[in-house]
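Asker: The task is simple: from the sequences and hints, build the whole structure.
First residue of the sequence shown? That's 1 in UniProt numbering, and the numbers climb one at a time after it.
One should not assume that every hint holds.
[Claimed, not checked] Derived BS3-like pairs (lysine-lysine); straight-line CA-CA distance at most 25 Å:
1) Lys420 <-> Lys625
2) Lys113 <-> Lys7
3) Lys146 <-> Lys301
4) Lys128 <-> Lys113
5) Lys301 <-> Lys113
Since the hints were made in silico from the structure, they are not lab data.
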Amino acid sequence: MSCYEYKPLDPSRREFRLLHILPENHPTSEHAASAAAVRCTVTHATLDDAPDYNALSYTWGDASITAPILVDGIELRATLNLEVGLRHLRRKDEIVTLWVDSLCINQTNIPEKNVQLQQMRDIYVQAKSVIAWLGPSYESSELAMKWIRDYGGRSHQLNIGGVGGPRLISLLDALDGLDTPSDELVDEEAMLFAADLREQLSPVNLWHVDMVTALLKLFRRAYWSRIWIVQELASASNLIFVCGSDTASDNSLYDALRLLRNFAQYQKLKWNRMVQETNFVQPSGVSLMEINTGRPINLLKFRRVAHPAPLIHLMRTFKFFSSTDPRDKVFALLGISRDAEVLGLRADYSKTCEQVYTDAARRLIHAGYLDILGIVQFPKNVPGLQSWVPDLSRTIYRAPLQQRSLERKGPPGSTRLEPKFFASATKEKIVLRRENTMDPNVLLSLHGVRVGKIEQVGMHWENEGGVGRWLHELQRLSQLNNLIDSEDEMAKHRAYAVWRAAVADQEVRQGVRKPRLADEKVHTAYEAFKEVDLNLVDEKALGDVGLSYYCEWLQSVSEGRRPLLSEGGHLGIGPCETEPGDFVFVLLGSDLPFIMRKESDTSERMQIIGEAYLHGIMDGEVMEKNLVIEMIELC
1 MSCYEYKPLD PSRREFRLLH ILPENHPTSE HAASAAAVRC TVTHATLDDA PDYNALSYTW
61 GDASITAPIL VDGIELRATL NLEVGLRHLR RKDEIVTLWV DSLCINQTNI PEKNVQLQQM
121 RDIYVQAKSV IAWLGPSYES SELAMKWIRD YGGRSHQLNI GGVGGPRLIS LLDALDGLDT
181 PSDELVDEEA MLFAADLREQ LSPVNLWHVD MVTALLKLFR RAYWSRIWIV QELASASNLI
241 FVCGSDTASD NSLYDALRLL RNFAQYQKLK WNRMVQETNF VQPSGVSLME INTGRPINLL
301 KFRRVAHPAP LIHLMRTFKF FSSTDPRDKV FALLGISRDA EVLGLRADYS KTCEQVYTDA
361 ARRLIHAGYL DILGIVQFPK NVPGLQSWVP DLSRTIYRAP LQQRSLERKG PPGSTRLEPK
421 FFASATKEKI VLRRENTMDP NVLLSLHGVR VGKIEQVGMH WENEGGVGRW LHELQRLSQL
481 NNLIDSEDEM AKHRAYAVWR AAVADQEVRQ GVRKPRLADE KVHTAYEAFK EVDLNLVDEK
541 ALGDVGLSYY CEWLQSVSEG RRPLLSEGGH LGIGPCETEP GDFVFVLLGS DLPFIMRKES
601 DTSERMQIIG EAYLHGIMDG EVMEKNLVIE MIELC
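Answerer: Spelled out as structure tokens, the structure:
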């Protein structure tokens, strides 16, 4: 294979390269064997005076599976997914001009790569269109794309779920005779659409399995988990999704995803009502609830945000996304974060992954974002990382106990953590102290209060019999707490603590908002199950007393965690790595307590194990006791 030589770019002129796909009917190459290959040329352009071009958003695919393309007459090996994409985008009689990162950046030239990365957002912003290549047609993707165009397009036209528009669940409830929409929402066309959608997605229809399976597989494609597409889609002035020969608009796809998510919620509520009222058995087989709408909805929702978000919000929101180069879990987000420059972070491929992750975590902590510690998990794949530095390269299986959301009424780009906990202070005042946080040669030191040791731990979460088992383990630990004098008061206090701790005292609403668990729900659970062996509690039992969603909340916080009991009788949940003898600390400036462990028997340095929920210390109770504030040296 010939080696393609890139001509150097002039950074002072903000130069970048463009790829021109030659028409299918272009005169063939002099090399007959290469005549069938996709043929391209490369030119230089400047961002200040660029011609019309489109930018390609795609996933590279398996680097070991390649196909030949010709660039300026030189054969290059492109990943198969890219080659197929270029072939689909090629026209018969006209040149197609694209920006394609893997071909337009000299990937072996680190200084060039660093400069081009800083320009990447501008490249996507200035593109006439961003083409999101989902891959070739297979697994009935044509069926899925047609459904997206038809139903997503109609939903967008009718403003279903939009500001001032009818809500899908209200329309569906009205069809079931359970609700009467307000006058402004009564729209015959919207009602007809809801009726059509209900029939289309009903499990009794013959085409249901084929349709849901096609959508399920489309949204399982690797494209939806690639970290770089966050910036690519957010920066696009015009966005079109392409799968094989099928296309769908940005709005159609976004509305289709929301239809699927909201219809699944409606279906679950309806089935739960039917289970309570009759001997209804939920249909078996593929379910709408299996479709992963969360990632693409987050992507397209973020694209609609008016102002850039802080880096910490991006890192937490897109923590489940992946990259070929693990350093890109940070670098891919810098161009669209509002505070990368303030934090002093820049893409630099001369740094190791350990240096990139440590520098990012240290700077975020220095800026007061202690919730970066909430995504610390073990084991770590990147060698050399200290305990307090999250390994962003690995799949995060344990969901953080708080969610960082964009403020709707605050300053542009501001965020908040939900649910609202105040472990380190009263609701009026939060204090952050830190020592030497920016010196990479000095261990990170933070200030906090030592609450006590972990005395007992329960069994970690398992799906098999999980709900009852989880509740029973918390109940067992709670009965070891003998701090309350009155027997009746003790029983009620223990039970309330169990029901709150089991879900980390929070409700999850479509993964969007996480308020604290309502008092009436705790009371309902206590009254319904105070005489019941909690081992026997399952989703049906909870549904029978109107707590069907409690099971979902429980599962969302329990994976990767275990019940625990600390000195002082505080019941809670923490990382599954927590062991008796570990310490509970409340760091100044943090909403949550943290589990820590001594580096060794002879050292006072602490390792971060992870964040925790401990009933009775989540609202500043510890800080009101005027305990000693320690400087904690982390390693």
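Asker: Decide, hint by hint, whether the structure agrees.
Answerer: Structure-based check of each hint:
Between lysine 420 and lysine 625 the CA atoms are separated by roughly 21 Å; this keeps the pair inside 25 Å, and the hint holds. Between lysine 113 and lysine 7 the alpha-carbon distance is near 14 Å, which keeps this suggested pair within the 25 Å criterion. The suggested pairing of lysine 146 with lysine 301 holds, with an alpha-carbon distance near 22 Å, which does not exceed 25 Å. Restraint check for lysine 128 and lysine 113: the C-alpha separation of about 23 Å stays at or below 25 Å, so the hint holds.
In summary, the hint linking lysine 301 to lysine 113 is not supported, as the alpha carbons are separated by about 29 Å, beyond the 25 Å threshold.
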